[in-house]
Amino acid sequence: MNSFLTDPIGFLILWFYSVLRGWNLPEDLVVLIAFVVGAFTLATLSLLLVVFLIWVERKIGGRVQDRLGPNRVGPFGLIQPVADMLKIFTKEFITPDGADKVAYNLGPILAVGAVIMIWAVVPFGITLYGSNLNVGILYIIAVGGIGTLGIIMAGWGSNNKFALLGAFRAVAQLLSYEVPMVVSLLIPVMFAGSMGLNEIVRAQTVPFIVLAPIAALIFFISSIAENGRAPFDLLEAESEIVAGFNVEYSGLKFGFFFVGDFLHAFTIALLFSVLFLGGWNGPGADSMPILGFVYLMIKTSLMYFLGLLIRFTLPRFRIDQMLALNWKLLVPLSLVTVSLTAIVDKLAMNNIWVRVIVLLLVNLIIWLSLQEIMERVYRSRPPRRTVNYPRLKPEADEPVVQPETPAA
Amino acid sequence: MPMQIFFLIIAAVTLISAAMVVTVRRMMHAALWLVLSLFGVAVLFAMLESSFYAVVQVIVYIGAIAILVIFAVMLTRHMMDDTGRQIAKNWWAALVAVVIAFGGMVVLVLSWSRFQVGPGTAPSELLLLDFGKALTAPNQFAIPFEVSSVLLLAALIGSIFIAVERKGGQK
Amino acid sequence: MAIETLIWLIPLPPLLAFFAIVLFTRQNRALSHWVALAGAGLAWLASMLIFFQVIGSEDLAKHPLATAINWLPTGKTWLQVGAAVDPLTAVTLFFVAWTVLMIFIYSIGYHNYGQPKGDHDHAGLPPHGAAAKEHGHRVTVMSVEPMYSRFFALISLFAFGMYTLVVSNNLLTLFIGWEIMGLCSYLLIGFWYARPSARDAAVKAFLTTRVGDVFMLLGLAALYKITGSLNYSDIFGSTTVLMQNSGILGMTWAGLIALLLFIGTMGKSAQFPLHVWLPDAMEGPTPVSAMIHAATMVSAGIYLALRFFPLAAMGWEPGMPLTATMTVMATIGSFTALFAATIALAQNDIKKVLAYSTISQLGYMIAALGVGAYVAAAFHLLTHAFFKALLFLGSGSVIHGMEHGVLHTGEHVDPQDMTQMGGLKSKMPVTFWTFLIGGLALSGFPLVTAGFWSKDEILSGAFNGGQWVVFITLAVSALLTAFYTMRQITLTFLGAPRSKAAEHATENKWVMTLPLVVLAVFAVSAGWVGIPKGFPLLGGILPDWFAEFVGQMVRTAPEGGGEGHGSIVPLITSLVVALGGLYLGWLTYRKFGRGQSDALEKPLGALYAWLRNKYYFDELYAMIFVKPARWVAETFSYQWIDRKLIDGFLNGVARIVWWLGERLRNGFDLPVINGAGDVTAEGTREMGHWMKGMQTGRVQQYMVVAISVVVVLIAFLIYRYSG
Amino acid sequence: MIPLSWYVIVAVAMFCIGLFGALTRKNAVAILMSVELMLNAVNINLIAFWRYLYADPAADPTRALAFVAIVFVAAAAEVAVGLALIISAYRQRNTVVAEELDLMKG
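Residue numbers (the working numbering), protein chains in the order written: chain A, -18 to 389; chain B, 17 to 187; chain C, 9 to 731; chain D, 217 to 322.
The following block holds chain A by itself, in its conformation from the complex:
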C-alpha cells in the first residue's frame, strides 16, 4: 500500500503486469500487451490533454489581448473546447480536385503521430516512461523529421499553390532550425554522457540550464521554430499565403493539424523541462516518484506559459529574417557554445560547483561577445532609410492655396 501512495502510477503498471502473468500468458506476449495498452493510454491521455490546452491557450491569449477569452460554455468557459470539438466533428471532409489522395490523407496523421511518438521516450517520473531508449535524443530528432514529412505531404497533396508555398516554407524553416537544435542538444548529451533521456534527467543534480543557459535558449528558440508558432508562424502566414499548408483541409483533418500544433507546443515545454530543468528531479522525488511527476508538470506548465506569452507578444518574422536568425546567429552561436563548453567542461574539475561557476562564466563571456559583435555589425550597416509619407492634409500654418478666380 505504501508504494501505492508514493507511486500510484508505477504501482498500477506493476499490478497490470502481474494480472497478465496470472493468466499464464507467455512472457513476450505479456510485454507486448502491456506496451500496446500503455501506448494507447498515453496517446489517448495526450489527446485529451489537448482539450484542456486549447482552453488554456484561448484564455491566456484573451487575457494578453485584453479580452475575456471563452466564458460562455461552462464555468470559465471550460466546456468551450468540447463545443469546438463537436463543431469540428460535424464538418464535411472536403477533398480538393486533383489532390494526391494518399499524401493528402497521410499528412495530418503524420503531423499528430510525430508529436505523440515523442512521448514514448519522455520520462515522466522515475518509474514512469514508455521506453528507456538509449538513443532517446536521436529518436526525438528523427520523429521531428517525420512531422516535417507530414507537413510537406499535406502541402503537396492539396494541389494548391498556397499550400505548396506553405510546404516550401515549412521545409526551409524546419530543416534549418533542426541544425541549431541538434547542436544545442549535444550539450545535455555531453554533460550526461548518454543520449538516453532517463540518464540525462538523472545526471541533472544541477539543472543543465544553469550549466548551459545559452544552449537552453537556443534549444527553446529553435523548438518554437520547429513548432511553427509565432513568431515563426510563416508557414501559415494568413496575410501572405492564406493558411499555408493546411488551407485545403476541413473538419477533423484540419483538427488534426490543430491538435498536433497544440500538443507540440506542450511537448516542447515538456522536453525543455526534461532536458534543461531537471525533469522530475526535486526535493523528495527519489522516495516519492509521484512527486517527481508533479514537479515535472509544474516545470512544464511554466515553460508552456512562457511559450504562450512569446506567441501572443511577438510579431511574425519575415522569411529572410527567419533564415538569417538561424544561419547567421543561432548556428554559429550554438557551434561556438558547444565547442567552448566541451573544452571547458573537460578542463574543469569534477567538482560540481567549479563546473557551475566556470560554465556560467563561459556562457557569460559568449553572451557578452555576441552582444559586442552584434552591436558592431549593426553599427557598420547603413542607417535605415526613413520613409517620408506624403502628407494627406496640409498643415494648419501652411497657406492654403486658393483657386484663383479669373478676373472678370
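If you are wondering where the hints come from, they were derived from the structure by calculation, not from laboratory data.
Be aware that one or more of the hints could be misleading.
To be verified - Listed next, the in silico DSS-like pairs over lysine-lysine satisfying Cα-Cα at most 30 Å (straight line):
(1) C/Lys125 with C/Lys508
(2) B/Lys105 with D/Lys242
(3) C/Lys700 with D/Lys242
(4) A/Lys82 with A/Lys68
(5) B/Lys105 with C/Lys700
To be verified - Restraint-style ranges between C-beta atoms, simulated for each label pair:
(6) C/Lys517 with A/Val335: 31 to 41 Å
(7) A/Val335 with C/Asp127: 56 to 66 Å
(8) C/Phe59 with A/Val337: 30 to 40 Å
(9) D/Ala290 with A/Ser320: 49 to 59 Å
(10) A/Ser320 with C/Ala689: 31 to 41 Å
Heads up, the beta-carbon is just placed ideally off N, CA and C, and yes, glycines get one too.
Based on these hints, arrange chains B, C and D on the given structure of chain A.
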C-alpha cells in the same frame, strides 16, 4: 518463428516499395515510396540490434535526404510531371541484366558456408560510447572521421555555390 | 597561489603591457601610459611580495625559492628553464622594481603628457614646443612627445627583459633577457631616429655590446659543453669538472669561462675598452633612457659578474693570491674607475658627466669583485642604482626645466650645457635638494649617505685584501668623483644664472619630482642596511643585515663585513677623499661666471684637451676598427674578391654553359625531344578524335559500361579463385 | 533464428532494384533516389555483417559501424550536391531528363 515472419514482412515491404520507387510514374509518389522503403531499412537495422543506426537512418534518410528529394521534386515538377515515359525504352535489357546479376550474387551468397551462421553474442550497451571514442581516437578512425566531415563541408559549400542564383550578368 | 608561481609571473605584466600598447592602445596616450604603469606596478607589487617573503627565510642561498619546467628535450634529458629567488636576486629585484616603477612615473611628466601637440613635431624628433596663449601673451610651451605610446611600449619591454634576467635560474633565460634589453637599448637610444647622432649612437651601442655578447655566448657554450647544464646550481655543483685545466693560457675551465662571461659584462656594463657606447647612449630621450643605460641595464652586467663570482673565484680563499680572472677583473675595474673619472672632470654636458661617472662607479664594483669583496660589490650595486637613478632623473629634471626656459625666452642655448646654467637652486628647489642628496651619495659623503657605506666597504675590502695598487687607484678615483660631482652641483645650481634660459627655468610637475623624492629617500636609507659591525661608534646600532643576507651567496664571507674591519686606514681614506674632493670642487667652481673657460683648463694644459675628447678613444677605434673594416668591405671584398674573382669565374662559367646549351639545343633537343613531343601530341589528338564517340554525355550509358566492367571483373576473380 | 544470408539476400535484391532504377529511369532525381537505394543496400550488408560476425567485443565491433557512418556521410553529401546540380541544371536548361543533359558530349 515470429521473428522470422516479422522479418519477411518487413523485407517484403522494403523491397516492394523499393520496386515502386523505380517503377512508379509520378515522381512524388516515388519519393514517398522511397520514404517507406528507407523506413523498412531502419526497421531492419533495429532488428539487427543497432538502434543507433536505426534512428540515424530515420534522421538522415527520412528527415533530411528524402525531404530534400521531395523538395527537388516539387521544384522541378513542371517538366516531368506525370507526362510521357519515365522509363527508358530498352528497360527490358536492363531488367535481364539485373536479374542475371541478382541470380549470380544469390548463388554466391548461398554457396558460402559462413552466410548460414546465426547472430553471435549481443552487442553490449556500452558500444555506443566505444564507437564514439573510436571515431575520435587517433589510432582508429579519427582521420576518416575528419575526412568525412571535410567532405560534408565541401558538399555544403559546393551545393550552395552551385545552386545559388547569380545576380546580374550571368550567362 | 604558491609564492613560487609568483616568481615567474613577475616579468609577465610588462610584457603584456608591451603587447597591449603596441597592438591596441597606441592611439591613446593616457591609456598607453596607464597600461604601462599597471604592468610595472603589478611587477613591482609581485617583487615586493617576494622580497618581503624571502628576507625572513633562513638559508635562502642553499634553498632558493625556485620553480622550473621542462622546456626543450635534449636527447634523453630536458633543458629546464625556471625562476628562482636567492638573496642576490631578492636584492636586485628590490632595486629594479623601485627604479623601474619610478622611471615609468617620471616618463609621463618628461614626455609632457597633457601638453598640446607640437606645431612642427615629427615622429622621430624630440618635441619642439607648441605655440600657446598665456595671460594674453603668445608664448611657446612644451609639446607632447609624438611617439609617446611607443616609448611606453619600449620601456615596458625593457622592464620585461630586466625582470626576466633577474628572476631566471639559468643562463639561457638570463641571456634571453639580456638580449631583449640589448634590443630595447638599441631602440631607445635611437628613439629619436630622425637625428643622425641618435642613429649612430644606437648602432654603436648595439655593435659594441655585441662584441661582449659574442664572448659571453662562447662562455655559455663552453659551460654547457662541460657541465651539461645552464642552471646555476648545477654549474656551481660541478666543481671537479670545472677545476680541470682548459689548456688555454693555462687557466682552469672555471677561470676561462668566467673570463668569457666577464667580457660580456664589460660590454653591458661599459668597462674599458668597451666603454665607448655608454656616453653616446645619452642621445636617447634625455633622462629616462639615460637612466636605463646607467642605473638598470648596466647593472645587469654587474649582476652577471656577481652571479659568476663563484666561478671566477673557484679555488680561491681569502688571503690567497688572486686567480687570473680576478686579477683581470681587478685591473680592468680599477683602471676603468680612474680613467672614466678623469674624463668626467672635463665634460660640460650634464648627462655626459653622469655617464662617465657611471662607468667609473661600475668599474668600482668590478674592482671590488676582483679583490673578492663580493658583498661590498653587491652593496654598491644596490646603493649606486638608487643614487645614480636619482641623479639621472634629477639631471633630466634640470634639462626639462632648462628646456622650458629655452622655449620661453627663445634663446639658443643647449639645455644640457652646464656652463649655461647656474642659480637653479632657487628656481628648482626640489630638484636641487634631491640632486644634492644624490650627488653627496655619489661622492660618499660620510655617515648619512648610502654611497659612503658601500664605497667604504669596497675600499676596506681592497685594503684588507692587501691589494695596494687597487686601493690607491680607487681612492684617487673616489677623490676625483667627489670633485667632479661638486663641480657639477656648483655649476648647475649654485651661483648666479649664466643664461636667460636658466633665469626662466621652472620646477617640474609632481609626476617628475615625486620619483626624485622617493629615490632620494632610498639614496640615503639604502646604506643603513649594511653598516659594518666593526665600524667605530655606529657599528652594531643597526644589524648588518645586508652582509649576512647576501653573504650567504659565497660559501665563506671573504671580506670583513664585520670581523675584517680591523684597520682604520680605509675609513680615514674615504673620509678624506670624499670631503676633500667636495671641498675642492666647490672651491674651484664657485666663482665660475658667464663665458669663462674652465678653471682646470690652464693648469692641466694639453691633458685637459685629452680629457675633453675622452682620450681620443672614439678616433682611435675609428682608425683601428672602422677604417680597416671599411677597407676590407669596400676595396678588398667588393672590388677584388667579388668583382674580379667571383664575377670573373661566374662569367666564365656562364660562357661555357652558353656554348654547351647551344650545341645541345641544335643537336639533341630540337630533333629528338621536340620531335617525340610532337608525335605524342599528334597521336593523342588522333586517339581523342577516335575515342570521342564513346563520350555521349549520358550518365546512364557510363553507368552501364562501369557496371559491366565490374561484373566481368568479379566473374573473372570468382572463376580464378574458386577453382 | 534468421540466418545472415537472409539479410544479405535482401540487400542484394535492394541493390539490384536500385541498379535497375539507376539504369532505366529518365528523371535525374529518380536516378538519385535509385542510387540512394543502392547505398542503403550496402548499409544493410555492413550492419548485418557487423551484427553476425563482429558484434562480440573481442572482434573490435566499432569497425563496421565506422564504415556505415562514412557511407551515411557520403550519401548525405551526394544528395546535397546532386540535388543542387539538378536544380541548377533545371534552371538553366529547364529539364531534368538525364539524357537531355548532354553538354559533355564529345
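Quiz item: A/Lys82 and A/Lys68: Cα distance at most 30 Å?
Solution: Holds, at roughly 24 Å.
Quiz item: Taken at face value, is the distance from the CA of C/Lys700 to the CA of B/Lys105 at most 30 Å?
Solution: Satisfied, since the Cα-Cα distance of roughly 24 Å is no more than 30 Å.
Exercise. With 31 to 41 Å as the target window, see if C/Lys517 and A/Val335 comply at their CB atoms.
Key: violated (49 Å)
Quiz item: Are B/Lys105 and D/Lys242 close enough, with their CA atoms no more than 30 Å apart?
Solution: Judged against 30 Å, a Cα distance of about 10 Å means the pair holds.
Quiz item: Does the alpha-carbon distance linking C/Lys700 and D/Lys242 stay inside the 30 Å limit?
Solution: holds (23 Å)
Quiz prompt | Verdict for A/Val335, C/Asp127 (Cβ pair) under range 56 to 66 Å | solution = holds (59 Å)
Quiz item: Are C/Phe59 and A/Val337 spaced within 30 to 40 Å by their CB atoms?
Solution: holds (38 Å)
Quiz item: Do A/Ser320 and C/Ala689 keep their Cβ atoms within the hinted range of 31 to 41 Å?
Solution: violated (53 Å)
Quiz item: Is 49 to 59 Å right for how far apart the beta carbons of D/Ala290 and A/Ser320 are?
Solution: violated (25 Å)
Practice problem: For the pair we were handed, C/Lys125 and C/Lys508, check the Cα-Cα distance against 30 Å. | Solution: Holds: C/Lys125 and C/Lys508 sit about 25 Å apart, inside 30 Å.
The structure fails to meet hints 6, 9, 10 from the earlier list, while all remaining hints are met.
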